[in-house]
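*Asks:* Per UniProt numbering, the sequence shown starts with residue 1, numbered consecutively.
One thing to keep in mind: the hints can contain errors.
Straight-line alpha carbon distances no greater than 27 Å define the calculated DSS-like cross-link-like pairs of lysine-lysine that follow [what the hints assert, rightly or not]:
#, residue 1, residue 2
1, 105, 88
2, 203, 232
3, 218, 241
4, 96, 79
5, 115, 91
6, 232, 218
7, 105, 115
8, 241, 226
Okay, the calculated beta carbon distance ranges per label pair [as the list claims (entries may be wrong)]:
#, residue 1, residue 2, range
9, 138, 246, 13 to 21 Å
10, 118, 181, 36 to 44 Å
11, 199, 236, 17 to 25 Å
12, 88, 232, 47 to 55 Å
13, 148, 237, 35 to 43 Å
14, 74, 199, 54 to 62 Å
15, 274, 236, 22 to 30 Å
16, 71, 48, 19 to 27 Å
17, 181, 219, 20 to 28 Å
18, 149, 100, 17 to 25 Å
I should point out that these hints are in silico values taken from the structure, not numbers from a laboratory. Don't be surprised by glycine CBs; every beta carbon is placed ideally from N, CA and C.
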Amino acid sequence: MGGNKMKKIVLFITVSVIMLMAFTTTSFAQLPLRVVVNGNRVNFPDAEPFIDDNGRTQVPVRFVSEALGAEVGWEGSTKTVTISQGDKEIKIVIGKKDYTINGEKNLMDTEALLKEDRTFVPVRFVSEGLGARVDWDPAVRTVYIDTREKGDSKDDIPKDGSIIEVDGYLVPNDTNIIIAKAQESRIVDTHISINFMRPNFEKQIEDLTFALENKFGKDIANEVRKHVEQKKSRWHYLPEKYIYVEETNQYIWISESITEGIPIAIMVPGYVPDTSQYDDVIVEWEN
Numbered sequence: 001m002g003g004n005k006m007k008k009i010v011l012f013i014t015v016s017v018i019m020l021m022a023f024t025t026t027s028f029a030q031l032p033l034r035v036v037v038n039g040n041r042v043n044f045p046d047a048e049p050f051i052d053d054n055g056r057t058q059v060p061v062r063f064v065s066e067a068l069g070a071e072v073g074w075e076g077s078t079k080t081v082t083i084s085q086g087d088k089e090i091k092i093v094i095g096k097k098d099y100t101i102n103g104e105k106n107l108m109d110t111e112a113l114l115k116e117d118r119t120f121v122p123v124r125f126v127s128e129g130l131g132a133r134v135d136w137d138p139a140v141r142t143v144y145i146d147t148r149e150k151g152d153s154k155d156d157i158p159k160d161g162s163i164i165e166v167d168g169y170l171v172p173n174d175t176n177i178i179i180a181k182a183q184e185s186r187i188v189d190t191h192i193s194i195n196f197m198r199p200n201f202e203k204q205i206e207d208l209t210f211a212l213e214n215k216f217g218k219d220i221a222n223e224v225r226k227h228v229e230q231k232k233s234r235w236h237y238l239p240e241k242y243i244y245v246e247e248t249n250q251y252i253w254i255s256e257s258i259t260e261g262i263p264i265a266i267m268v269p270g271y272v273p274d275t276s277q278y279d280d281v282i283v284e285w286e287n
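Start from the sequences, fold in the hints, and give me the full structure.
*Replies:* If you want it as structure tokens, here you go:
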């Protein structure tokens, strides 16, 4: 085995040990609670969402009108919130777990609240009552809401195949990129790989961009894309790059690539790498 290769292997092992020893678990509760509607983060200028005692995300009722486009009414004498959109009408009474959708009684495991003179409603039950899809990612404390019907967002969804979710990332059903949740890692959350030896490398980049845009936003996705597109062929050298995602307090690590594969690691929220240590490191990960 050549001296340089041995040096890199030893350095890689050393750096891995340093990373593991240096890592301290950051409490996910310290991350801000986020709500993302159709890929766009919602700003709450005057009243922040919170998780109630029942583990449900509560949002100010103003969010329902501004972000979801519904009409909101308030009956003070009965403390009833009425939410209307199209042919849907939801009635929720403050402090009660039963509510109605178009007059039909339903039951939730929490209730709408008054907090500091603000009306808060449970975002999942309201959004789903209006026909939206709702997902919760506890790793980044984010509620994802999609109000779009199939075929509505032609610019956002790739034309080839249906969309599926793989370990929290949206990708076309026919994708050739690999996404895998890291197993028992305190540093890496998710591995993603694109590879020149798999069919249609250009589409892999498109699928990667789509997955990252839905997870982290367009700016981050385009920054990753701009870097990986520098690799023009199987043997073209691509330097490593770290990209910080401020909203989720995460780093995206695009590893150095000297062969056909480009490994990408989505780091655990809160982990801060020392990028000065990686000038001569090749990360060995199956592509």
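*Asks:* Confirm or reject each hint.
*Replies:* Hints and how they fare:
1. Of the pairs offered as hints, the one joining residue 105 and residue 88 holds, with about 13 Å between alpha carbons and a cut-off of 27 Å not exceeded.
2. The suggested pairing of residue 203 with residue 232 holds, with an alpha-carbon distance near 14 Å, which does not exceed 27 Å.
3. Only pairs whose Cα atoms come within 27 Å are accepted, and residue 218 paired with residue 241 is accepted, the gap being roughly 18 Å.
4. At roughly 10 Å between alpha-carbon atoms, residue 96 and residue 79 fall within 27 Å of each other, so this suggested pair holds.
5. In summary, the hint linking residue 115 to residue 91 is supported, as the alpha carbons are separated by about 19 Å, within the 27 Å threshold.
6. A C-alpha spacing of about 23 Å is found between residue 232 and residue 218, which places the hinted pair at or below 27 Å, so the restraint holds.
7. Under the criterion of a C-alpha separation no larger than 27 Å, the hint pairing residue 105 with residue 115 is consistent with the structure, at around 25 Å.
8. Between residue 241 and residue 226 the alpha-carbon distance is near 11 Å, which keeps this suggested pair within the 27 Å criterion.
9. For residue 138 and residue 246, the hinted distance range of 13 to 21 Å is satisfied, since their beta carbons lie about 19 Å from each other.
10. Range check, residue 118 to residue 181: Cβ separation about 37 Å, and the 36 to 44 Å hint holds.
11. The hinted range of 17 to 25 Å is satisfied by residue 199 and residue 236, whose Cβ atoms lie roughly 19 Å apart.
12. Checking the proposed 47 to 55 Å range against residue 88 and residue 232 shows it holds: the Cβ atoms sit about 51 Å from each other.
13. Between residue 148 and residue 237 the beta carbon distance is about 40 Å. The supplied range of 35 to 43 Å therefore holds.
14. Taking 54 to 62 Å as the suggested C-beta distance range, the pair residue 74 and residue 199 conforms, at roughly 56 Å.
15. Restraint check, residue 274 to residue 236: a C-beta distance of roughly 27 Å satisfies the suggested window 22 to 30 Å.
16. About 23 Å separates the C-beta atoms of residue 71 and residue 48, a value consistent with the hinted range of 19 to 27 Å.
17. A hinted range of 20 to 28 Å for the beta carbons of residue 181 and residue 219 is consistent with their spacing of about 25 Å.
18. Checked against the given bound of 17 to 25 Å, the beta carbons of residue 149 and residue 100, roughly 24 Å apart, stay inside it.
Consistency with the previously given hints is maintained throughout, with no hint failing.
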